[in-house]
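In numbering that gives the first Met the number 0, the protein residues as written are 0 to 101.
In case anyone wonders, no lab produced these hints; they're calculated from the structure.
For clarity, every value in this text was computed on a predicted model and none was experimentally measured.
All C-beta atoms, glycine included, are put in the ideal place defined by N, C-alpha and C.
Any given hint might turn out to be false.
[To be verified] What follows is a list of derived Cβ distance ranges for each label pair: (1) ILE11 with LEU48: 16 to 24 Å; (2) LEU48 with MET96: 25 to 33 Å; (3) ASP14 with LEU88: 25 to 33 Å.
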Amino acid sequence: MRDGRRWGARGIDLDLIAWGDRVLPDVASHDAWRGLPPGDQARQAPDRLILPHPRIQDRGFVLAPLAEIAPGWVHPRLGQSVAQMLAALPAAALDGMKPLTA
0 MRDGRRWGAR
10 GIDLDLIAWG
20 DRVLPDVASH
30 DAWRGLPPGD
40 QARQAPDRLI
50 LPHPRIQDRG
60 FVLAPLAEIA
70 PGWVHPRLGQ
80 SVAQMLAALP
90 AAALDGMKPL
100 TA
């Protein structure tokens with residue numbers, strides 16, 4: 000549910016970041032999108048689902064919780080595990096993150 004803006008407020012937000020070892024829509028499209036500079040990715044919007052998420056390897060807020068629920072997942076194009084991608088991030092990528100408490 001969106002208010003019309005790409006990164007606007009939402010009542011609920013569920014992100015699909017990967018689907019096993021599948022690469023969607025195809026390897027060439029995924030690699031082209033992943034290779035775009037972040038600024039270009041922010042200005043453009045894909046017209047179809049891209050999996051794994053093209054910036055998963057750059058996002059601590061995605062990798063840290065993913066390491067808890069799917070530590071054995073390996074990025075099908077990068078060949079790196081969640082732990083390897085997380086370890087490669089600068090410490091600043093995890094700034095402001097804190098675990099939820101019950």
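Against the structure, the hints come out as follows:
1. For the pair ILE11 and LEU48, the beta carbons lie near 18 Å from each other, so the given range of 16 to 24 Å is met.
2. With their beta carbons about 26 Å apart, LEU48 and MET96 fall inside the hinted range of 25 to 33 Å.
3. At about 18 Å, the beta-carbon gap between ASP14 and LEU88 misses the expected band of 25 to 33 Å.
Hint 3 from the list above is the single one not met by this structure.
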